[in-house]
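There are 2 protein chains.
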Amino acid sequence: MHDAPDPRLADFADLRDVELRKSLEAEHGLFIAEGEKVIRRAVAAGHHVRSVLLTRRWTASLADVLEGLGDRVHVVDDDVMEKITGFPVHRGALASMERRALPSVAEILGGAPHPAAGGAEAGEGRTGGDGTPPEGSGGERAAVPRRVLVLEDLVDHGNVGAIFRCAAALGVEAVILSPRCADPLYRRSVKVSMGAVFSIPYARMDDWYNGLAELRTAGFRTLALTPDQAAVPLDEVEMTERVALLLGSEGDGLSSRWLHEADRPVCIPMSPAALERGVDSLNVVAAAAIACHGLMRRGRAVP
Amino acid sequence: MHDAPDPRLADFADLRDVELRKSLEAEHGLFIAEGEKVIRRAVAAGHHVRSVLLTRRWTASLADVLEGLGDRVHVVDDDVMEKITGFPVHRGALASMERRALPSVAEILGGAPHPAAGGAEAGEGRTGGDGTPPEGSGGERAAVPRRVLVLEDLVDHGNVGAIFRCAAALGVEAVILSPRCADPLYRRSVKVSMGAVFSIPYARMDDWYNGLAELRTAGFRTLALTPDQAAVPLDEVEMTERVALLLGSEGDGLSSRWLHEADRPVCIPMSPAALERGVDSLNVVAAAAIACHGLMRRGRAVP
Numbered sequence: 001m002h003d004a005p006d007p008r009l010a011d012f013a014d015l016r017d018v019e020l021r022k023s024l025e026a027e028h029g030l031f032i033a034e035g036e037k038v039i040r041r042a043v044a045a046g047h048h049v050r051s052v053l054l055t056r057r058w059t060a061s062l063a064d065v066l067e068g069l070g071d072r073v074h075v076v077d078d079d080v081m082e083k084i085t086g087f088p089v090h091r092g093a094l095a096s097m098e099r100r101a102l103p104s105v106a107e108i109l110g111g112a113p114h115p116a117a118g119g120a121e122a123g124e125g126r127t128g129g130d131g132t133p134p135e136g137s138g139g140e141r142a143a144v145p146r147r148v149l150v151l152e153d154l155v156d157h158g159n160v161g162a163i164f165r166c167a168a169a170l171g172v173e174a175v176i177l178s179p180r181c182a183d184p185l186y187r188r189s190v191k192v193s194m195g196a197v198f199s200i201p202y203a204r205m206d207d208w209y210n211g212l213a214e215l216r217t218a219g220f221r222t223l224a225l226t227p228d229q230a231a232v233p234l235d236e237v238e239m240t241e242r243v244a245l246l247l248g249s250e251g252d253g254l255s256s257r258w259l260h261e262a263d264r265p266v267c268i269p270m271s272p273a274a275l276e277r278g279v280d281s282l283n284v285v286a287a288a289a290i291a292c293h294g295l296m297r298r299g300r301a302v303p
Numbered sequence: 001m002h003d004a005p006d007p008r009l010a011d012f013a014d015l016r017d018v019e020l021r022k023s024l025e026a027e028h029g030l031f032i033a034e035g036e037k038v039i040r041r042a043v044a045a046g047h048h049v050r051s052v053l054l055t056r057r058w059t060a061s062l063a064d065v066l067e068g069l070g071d072r073v074h075v076v077d078d079d080v081m082e083k084i085t086g087f088p089v090h091r092g093a094l095a096s097m098e099r100r101a102l103p104s105v106a107e108i109l110g111g112a113p114h115p116a117a118g119g120a121e122a123g124e125g126r127t128g129g130d131g132t133p134p135e136g137s138g139g140e141r142a143a144v145p146r147r148v149l150v151l152e153d154l155v156d157h158g159n160v161g162a163i164f165r166c167a168a169a170l171g172v173e174a175v176i177l178s179p180r181c182a183d184p185l186y187r188r189s190v191k192v193s194m195g196a197v198f199s200i201p202y203a204r205m206d207d208w209y210n211g212l213a214e215l216r217t218a219g220f221r222t223l224a225l226t227p228d229q230a231a232v233p234l235d236e237v238e239m240t241e242r243v244a245l246l247l248g249s250e251g252d253g254l255s256s257r258w259l260h261e262a263d264r265p266v267c268i269p270m271s272p273a274a275l276e277r278g279v280d281s282l283n284v285v286a287a288a289a290i291a292c293h294g295l296m297r298r299g300r301a302v303p
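Protein sequences, first through last, are from chains L and V. Taking our numbering, the leading residue of the first sequence gets 1, the next gets one more, and so forth. Taking our numbering, the leading residue of the second sequence gets 1, the next gets one more, and so forth.
Rather than coming from a laboratory, the hints here were simulated on the basis of the structure. On a predicted model such as this, the values are computed, not experimentally measured, just so you know. Wrong hints could be hidden among the right ones.
Said to hold, decoys possible - Computed from the model, here is a short list of chain V residues facing chain L with C-beta under 8 Å:
hint : residue
1    : L170
2    : A286
3    : A289
4    : I290
5    : H293
What the hints assert, rightly or not - Derived coverage of chain L by chain V (criterion: at least 3 residues anywhere in the stretch with Cβ under 8 Å from a Cβ of chain V; other residues may be distant):
hint : segment
6    : 253 to 265
7    : 282 to 292
The beta-carbon is built from N, C-alpha and C at its ideal position, and this holds for glycine as well.
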């Protein structure tokens, strides 16, 4: 039994303090997986376990994951867990896992190794711009992606996680993040994604202003999703072999820079009655779900 | 300036204490609207304001709403607001509003008066089973709905709100709730819906077990949304004049009772690669968004 503060439990401190967690996780190159299912998915994706904090009733079902971790397994009572983490952990088990270097955007667009195929051991830093794959990645390469989501400056971790879950379920093959987009490996993103952040390759742009140039060079048609009902409906836009769908932030949508840079603005048509009543948009997760479904449906129609 | 506890501010107490709020709101027949936009939408829908709690910087922009409320307007500092409500209210203005009697399911399916057209002044109780409209409703009747969502036992208020927002944006004309489904007028539902809970008529069933019988009697084809990929894809199912789409709870989906009672199970096809990787479902809001979009798209194809 442990009581906070204990340096061995520092990875799990104050999980609801977003600013503290961001700096702690960046500094140590870690992230938190919550609950048996998500922990298993992180392990299956090749992430190394730093340590595990759990209550006694989870030790049996996670026995195989805990094996070999020795004194990096910390079994505590519910109230101690709550004291350390700052909230009641309903899923009873938390794992601190090592982040790996992210591939570059070029690597992702060229068919980066699948995350589950192995990877480097550092933080969210990445390999040099020379296009070499991340250190330690010797695994199978992913298929070159044809359907990609690009997320611009989403601020809500839950939304990022939910969009990864949709993307993974609906056949999107990679995700590209703007430099300021919320972290897919933040605890809440991971949890809401149900581990989908481990199953879909992603990269973060270095340069927001020219961020779309690399996509165009790689042959992607870029579609900017907008609530503007004057745009072409997504169901009717011309599809090409490679399509990147751009989704903007929760409050303001896409920046005017990206809207102008994109090949085409596209919309999800809304009910005329709703527009009359002033219901003027869908939330970004609902829009992403409809758009991913549309891409998959249209994808099947392409010979 | 006020300091808690003050009986005049009791409507706004401990807004994050779900159990306390549920009993307080049921007892007094009230709900809380948060932020200028949502407060305005509640007022526009005909809800009476009981009282308003806000910080000084919101008094100007809400002046027309506050007019005539006299001593039922409480202007406080941020820290007092946080002390009363139990959390930092970023949107700076809260209104306690009167609930109205809900129409019955039969009334909704027959084209109940639009919520904005006026209504009775009681709690969530409703008129007798004799089919008479709620007291005080003398307004225009809504069109008889052709596209309806039925929510079974959703527990998360945010999900209920998000689904109302999708439904309103995508042309769903009414929502039916199972007896135990989370309350659309709970603060978080209202907030996440962006006020869509005021713009779409809804009713709550009395009887879960035979809940679908009334829909069938009214001529609805009932489609049960399931992650089971052996079901007919929603895009391919035969549509009829009146369609009710059934959505199940976050954890377990639809009950087996409703799955068996429904006319047809339907699914949203997922990517084969995702199924191989064990990504086995969409969250209920994403599924609802795709399904509502599908209903609207299919609706347009019907002559």
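To see whether the hints hold, each was checked on the structure:
Satisfaction of the interface hint for L170(V) is found here, the shortest Cβ-Cβ separation to chain L being roughly 6 Å, below the 8 Å cut-off. Because the closest C-beta pair between A286(V) and chain L is about 4 Å apart, less than 8 Å, the hint holds. Using the Cβ-Cβ criterion of 8 Å, the hint placing A289(V) at the interface with chain L is satisfied: the shortest such distance is roughly 4 Å. Using the Cβ-Cβ criterion of 8 Å, the hint placing I290(V) at the interface with chain L is satisfied: the shortest such distance is roughly 5 Å.
Restraint check, H293(V) versus chain L: the minimum CB separation of about 5 Å is within 8 Å; hint holds. Counting residues of the segment 253 to 265 of chain L whose CB lies closer than 8 Å to any CB of chain V gives 0, which falls below the minimum of 3, so the coverage claim is violated. By the rule of at least three residues with a Cβ nearer than 8 Å to a Cβ of chain V, the coverage given for the segment 282 to 292 of chain L holds, with 8 such residues.
Checked against the numbered hints above, the structure violates only hint 6.
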